[in-house]
Structures are given as structure tokens and as C-alpha cells.
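Novice: Based on the provided sequences and hints, a complete structural model is requested.
There are 2 protein chains.
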Amino acid sequence: MEIAKLGEFGLIDRLTKDIEIKNASTVKGVGDDCAVLSYPDKQVLVTTDMLMEGVHFDLTYIDLKHLGYKSAMVNISDIFAMNGTPRQLTVSLAISKRFSVEDIEEFYSGLRLACDKWNVDVVGGDTTSSYTGMAISITCIGEAAKEEIVYRNGAKDTDLVCVSGDLGAAYMGLQLLEREKNVYYGQINDLQKKIAEAKAAGNDAKLSTLNSQLSALKDFQPDFSGKEYLLQRQLQTEARGDIIQKLREAGIRPTAMMDISDGLSSELMHICKQSGVGCRIYEKNIPIDYQTAVMAEEMNMNVTTCAMNGGEDYELLFTVPIGDHEKIQQIDGIKLIGHITDAKFGQILVTRDNQEFALKAQGWNPLA
Amino acid sequence: MEIAKLGEFGLIDRLTKDIEIKNASTVKGVGDDCAVLSYPDKQVLVTTDMLMEGVHFDLTYIDLKHLGYKSAMVNISDIFAMNGTPRQLTVSLAISKRFSVEDIEEFYSGLRLACDKWNVDVVGGDTTSSYTGMAISITCIGEAAKEEIVYRNGAKDTDLVCVSGDLGAAYMGLQLLEREKNVYYGQINDLQKKIAEAKAAGNDAKLSTLNSQLSALKDFQPDFSGKEYLLQRQLQTEARGDIIQKLREAGIRPTAMMDISDGLSSELMHICKQSGVGCRIYEKNIPIDYQTAVMAEEMNMNVTTCAMNGGEDYELLFTVPIGDHEKIQQIDGIKLIGHITDAKFGQILVTRDNQEFALKAQGWNPLA
Numbered sequence: 001m002e003i004a005k006l007g008e009f010g011l012i013d014r015l016t017k018d019i020e021i022k023n024a025s026t027v028k029g030v031g032d033d034c035a036v037l038s039y040p041d042k043q044v045l046v047t048t049d050m051l052m053e054g055v056h057f058d059l060t061y062i063d064l065k066h067l068g069y070k071s072a073m074v075n076i077s078d079i080f081a082m083n084g085t086p087r088q089l090t091v092s093l094a095i096s097k098r099f100s101v102e103d104i105e106e107f108y109s110g111l112r113l114a115c116d117k118w119n120v121d122v123v124g125g126d127t128t129s130s131y132t133g134m135a136i137s138i139t140c141i142g143e144a145a146k147e148e149i150v151y152r153n154g155a156k157d158t159d160l161v162c163v164s165g166d167l168g169a170a171y172m173g174l175q176l177l178e179r180e181k182n183v184y185y186g187q188i189n190d191l192q193k194k195i196a197e198a199k200a201a202g203n204d205a206k207l208s209t210l211n212s213q214l215s216a217l218k219d220f221q222p223d224f225s226g227k228e229y230l231l232q233r234q235l236q237t238e239a240r241g242d243i244i245q246k247l248r249e250a251g252i253r254p255t256a257m258m259d260i261s262d263g264l265s266s267e268l269m270h271i272c273k274q275s276g277v278g279c280r281i282y283e284k285n286i287p288i289d290y291q292t293a294v295m296a297e298e299m300n301m302n303v304t305t306c307a308m309n310g311g312e313d314y315e316l317l318f319t320v321p322i323g324d325h326e327k328i329q330q331i332d333g334i335k336l337i338g339h340i341t342d343a344k345f346g347q348i349l350v351t352r353d354n355q356e357f358a359l360k361a362q363g364w365n366p367l368a
Numbered sequence: 001m002e003i004a005k006l007g008e009f010g011l012i013d014r015l016t017k018d019i020e021i022k023n024a025s026t027v028k029g030v031g032d033d034c035a036v037l038s039y040p041d042k043q044v045l046v047t048t049d050m051l052m053e054g055v056h057f058d059l060t061y062i063d064l065k066h067l068g069y070k071s072a073m074v075n076i077s078d079i080f081a082m083n084g085t086p087r088q089l090t091v092s093l094a095i096s097k098r099f100s101v102e103d104i105e106e107f108y109s110g111l112r113l114a115c116d117k118w119n120v121d122v123v124g125g126d127t128t129s130s131y132t133g134m135a136i137s138i139t140c141i142g143e144a145a146k147e148e149i150v151y152r153n154g155a156k157d158t159d160l161v162c163v164s165g166d167l168g169a170a171y172m173g174l175q176l177l178e179r180e181k182n183v184y185y186g187q188i189n190d191l192q193k194k195i196a197e198a199k200a201a202g203n204d205a206k207l208s209t210l211n212s213q214l215s216a217l218k219d220f221q222p223d224f225s226g227k228e229y230l231l232q233r234q235l236q237t238e239a240r241g242d243i244i245q246k247l248r249e250a251g252i253r254p255t256a257m258m259d260i261s262d263g264l265s266s267e268l269m270h271i272c273k274q275s276g277v278g279c280r281i282y283e284k285n286i287p288i289d290y291q292t293a294v295m296a297e298e299m300n301m302n303v304t305t306c307a308m309n310g311g312e313d314y315e316l317l318f319t320v321p322i323g324d325h326e327k328i329q330q331i332d333g334i335k336l337i338g339h340i341t342d343a344k345f346g347q348i349l350v351t352r353d354n355q356e357f358a359l360k361a362q363g364w365n366p367l368a
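Top line first, the protein sequences correspond to chains P and U.
So in the UniProt record's numbering, the last one in the first sequence is 368, and the numbering has no gaps at all.
So in the UniProt record's numbering, the last one in the second sequence is 368, and the numbering has no gaps at all.
These are calculated hints, taken from the structure and not from any lab test.
Predicted, not measured: the structure shown is a model, and the values here were computed from it.
Check before you lean on any hint, since a few could be wrong.
Which copy is meant is left open, because identical chains are indistinguishable; a pair holds if it fits in one copy or across any two.
Each computed DSSO-like pair below joins lysine-lysine, with the alpha-carbon atoms no more than 27 Å apart [unchecked claim]:
1. Lys181 - Lys65
2. Lys28 - Lys146
3. Lys146 - Lys22
4. Lys156 - Lys17
5. Lys97 - Lys181
6. Lys273 - Lys146
Specialist: Quick look at the structure:
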């Protein structure tokens, strides 16, 4: 169905009609000039992110449902990164004429799947048109008790540096998708060139063969077997609320924390700068999945560089007091990668062969 | 300066370095995964809006400083429309390579001017790139005591319907700007055609005359005298916090309220639908500025239609109990335009010659 047929308010009604409010802090959701929230006993966390087609996502390899899911998760991740609990979310979408009502419903279904997973209420937004690409802006709101909030600036000398999960896989997933896309369009272009030549030569037999090759190619699905984890990490982002839960259960409160969206190096430098400290990170301790390593090898890339600078893993990077050493080691899915030092020692990566390098932020820069 | 030179974090530092927090509810502003706010005694209001280049604004006639101002004001307006006080704002910007650091500083200077006017803290955001047009997404956060909040659904039979300021001027300002833009580009195209002809004919004397005409035209500023108010209403949007203040001072609490962004008709229908009531609006009472009327005449448009459906006035539409009649009439800048009826009487516009028409929402539909 064409979106113009429903109009803005019709579309919003359709997208939001069956939303059920789950949080006591949501007094009023969609439907007025503002959402109304109530936080008498907690502090309120607010984060916002904008995703632009062609810059942050490519609809040739992410479908709208996964895109909706990911858009919500990357914002939910920022709430967890403050040691908070996500509660509400607003979503603004700008879309061009090429999208149908069903497309937008797909996007919303993914968004709401992510929200349902973490009990987040969709409380507002804006739906409008774009002359060109799709633009998504999401604001997520969460809560935390004042004394629970973890900032980036609390890391102290001798603290342990920890990361959840593994790193570099989302980036390798993106490399894989881009490689396959290039191969695919290379083949299509090639065939289209041959078809034009056959047409010009009036070679009908050849033309017919080429045309069937083209339609077969258009249905072609690349074989990603053995690389499923990389794709999942790129296309199905998960916010690590489970890690926050485990830390709470273990009675651990990180001294500093953030989520890894731009790459480990860049995020470590943020924490060190804001906390006024240095760090020593050990290459051998950086968690890397087997598929990530294999793919890096295949693409002739240094796997540590991918893990340090890849971005989009949305794992948690945090520091804990050295006294929590044993408790941390008992938690599955958390890896100690180094420790905090005095600022004068700088931010150092110690390689497997014991060489020392200063960290550099080579993470993704959307403005470069 | 090129934006890539500074990078995302450099740009954010430059734009936010001298922000001073003004509100006690702002615990932590820009610089972490989330902003942190504290609202122990009030309810929290959240609103968000997305503005797309080519759809919501045209940089050939709005400069970046006014655009920043307007982007903030339209969101601040939504907080006032709930009878709240705006406190914090986050801003996400997606920009293409054609913008410089100075351009973005212009946008921010306008945005911060609007925020300073209403004591709003800029607490976060996102700055990223766009392959095509500029995209702006703003979220504004405000506060109100639970019993102060005015929703759209509280209008009651016999309530008075009021609007602040006057209507239709922002729309006529847009018509004026679009007309001048068309005239201007028409003349440029015309001259460029003649230049091409003179070139082809090898007529150097004529070519030289035409080229000087073209450069004179490029410096041309249209004469907007006598129409300044229309331009101001289109380019320098003001949120009506002053009206909210006056209502409070007079001890009036509206029963329903919203701001007029899409046009009076459309907003009246929202209030009637959500309150389950009808309304009777008198054409003769709709406040229209002299310049709006003159311009409508000049463009051969019906001025009431412009006022009913024009949009972008960001005036307040609200209902008050009939007992507040005298108090309302003593407030400058508020006009009584009709009253609320039982739902069965419908939503009616009574014309100057006493004809009755059902209201239609012909307001701006960004998805049409």
C-alpha cells in the first residue's frame, strides 16, 4: 500500500495502535504533543542516535526488520553502558516514496522486537518523508539510581579493564557483505554488457541464454556457511543487558563503562581521557571469535587491528577495582584485557611478542 | 574549515565546549553514553521532531542560523503545548560534504539562541554525515507537575476555544519566498539561455552585457518591504511560552491544548477526536494579521483557508472552562474563536455570512 494513501496520522495509528505500555514510568505514550514520564525515585538517562542510509546502513544487505531491530538496540546499548535500565524510546523516520506501508511495518516489527526483549515502551516519534535516502533517529530513555550510574570518568589506577563477548566480528561481517555485494554487481554489470552486445549484433540465441543467466543471477543467494556468526553480529546487534545483570548479581559496580560502537581503541581512549588515566592492554587477551580470525586471514587483514578498530560490536568495555578480580573471572562472557595505569604511562597495547604501541583511534569516523 | 579535518569528536568538542548547564535537573550533559537528568518532583515531558532538507526547509531561503533557531523552537513549542517547562534538548545532525565547520557553528548558534531564550540545556546529540540532504532530529525534554499537564483530551462541552497570536502568516511567508525563488530562478535560466545563444552566434558585445546582467542578478535581493512580518513568521519561529506564563499568572488552566503546527483545522479535529466532543468556530473571530490578508489578496487566495490550513504558526490552540471567559478576555494576544459542543453537532466552521461547514483537515501532510 502506498503511504500517501494513509497519510501521516493514518500511518502512525497503524504503527502504534496495538502498543501496550509495560512500564509504570510511562504515564502517557504516543498521541499527544509529548510523551509523559514519571521518575520520582531514579535519575533519567537519555541517549540519541541518527542513522543515515548509505552512511550507516545499506538496504541491499540489511532488511528493514533487522534495521529496525538494530536501530533500537544501539540506543538501548547506550543505556546499559551507563549501568541503567532502558524504559522508553521515541523513533523518527524519514522515508522516500519507494517505501510502502508494509515496508515501514517491517521496520517497526524489528524495532518492537528489540523493545520487547528489554521491556521498552515506544512512546513517540515522527514519520515524515525524505526526497532521497532513509533517515532514522531514535532517542532512548532509561533509569538508574543515582549511586548506580557508571560514567566514563571513574577509572582508577590499578583497575582491571574488561570487555564482554568478542570483538571484530561485526566489522568482518560488514567486510563480507560488501565483498559479496561487489562480486554480485560485478557479475550483473558484466552480463548486462554482454546482453547489450548480443542485442547490437542481433544474436537472438545468445541473447536468450544471457537473459536466463541474468534472471538466475538475480535470485542468487551467496553461500555464507561457516560465516553465520559474522553476519549475525553485523545484522542482528544485541545490547548486553545480560552482562549488566550478571555484574549486578555478582555485586560488581564498574568504575567506568561505555559500549563499543566505534572500536575498542577509540573507546579506551575516551575512558582514559575522561578518567585522567593510562592503560595497558594485552593483545593476547583480546577476545576474538574463530570465524573472525578465519575471515581476517582470508581477507589478508590483521585480526587484532579489526578487533581494536572495527566497531559496531556493541559489547561493553568497563573497568573494575582490582579487588573484584576473582569475582569477574567467574562470570562467563567477560574477558580481562589489561589494567589502568597512571596517566604518565600513556595508553599502551602490548603485542604477543611483547612490543609496546601507543593506542590510536582509527575507529569509524562518519565525517571523514 | 572542512569538517573531516576535525572529525566527529573534534567537531562535537568545538560545538559544545562552552555550554553552561542552567538547570538543576541536568545532572550530566554532553560527553558520556547518555545525558543524566533528575526529576524527583515533576513528571517528564519528551517530544521529538525530524526535519529533512527539501521537505521541511529549503536552504535557498533559510540560513543555517535561523534553521537552528527554528528547529529548537518547534520542539520547545511542544513542551509548552503540554503546559510544561522545557529544560533539556538533544540534537542530531546529518550533513553532507558541502557544509563547513563554520556552517555547523552557525546552525548551533541559532539553536543555542533559542535554547538560551527559554533556559534549555543542550545535553547531547549525534553529528554524522549524509550522502545527500541535511537531516535534523531534535528531542526536547521538559517538566510539569502532574496536575499541571494539559493533554489534548480534556475539552468539555461549553468550553471556550482560544488561540494565541494570529494565523496564516507563516504560510503566506512561505508562499512569498517560493514565489520570489521561482521568479529569481526563472530570470537566471532565461539569461543563461540567452548567453548560450550569444556564445553560439559569436556575439561578444551581447555576451558581455548578458554576463554583467547575470552577475548583477546573482547579487539581487528581492524587496520584501511591507511583508517583513510574513517572513519573520516563516523564518523566525517563536514558541509561545509567554502565553503559558500569562495563563498561569491569570490562574487559568486550559482543559485541552496543543500547538498549531499543521494548521488550525487539523489541530481542532485532533482535540475534538481525543476529547470526544464537537466544536463551533467562527470565521470572523479567527485572528489574521493585516500583512497576511494583503498577501492572500495579492496571491488570489482565500485568507481564511490560509489561516485554517496553513500550518507552521506554532501558536497555541486551547480550551478553557466557560467560567474563565472574563479572565481570558483580559489577556493580550489571546483570541476566543468559538466553543466546544457535544460530539453529535460535529466540528463546524461558521462563516461570516452564517453558513456552516464541517471542518476538514487539509493541513500539511509530509507523506502526501
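Novice: It remains to establish, for every hint, whether it holds in the given structure.
Specialist: The hints, checked one at a time:
1. Lys181 - Lys65: Classified as within; 20 Å inside a copy, 41 Å across copies.
2. Lys28 - Lys146: both (24 Å within a copy, 12 Å between copies)
3. Lys146 - Lys22: So Lys146 and Lys22 pass the 27 Å test inside a copy (23 Å) and across (20 Å) alike.
4. Lys156 - Lys17: For Lys156 and Lys17, the Cα distance is within 27 Å only across copies (25 Å; inside one copy 49 Å).
5. Lys97 - Lys181: Cα proximity of Lys97 and Lys181: in one copy and across copies (24 Å, 25 Å).
6. Lys273 - Lys146: within (23 Å within a copy, 41 Å between copies)
Checked against the numbered hints given earlier, the structure satisfies every one of them.
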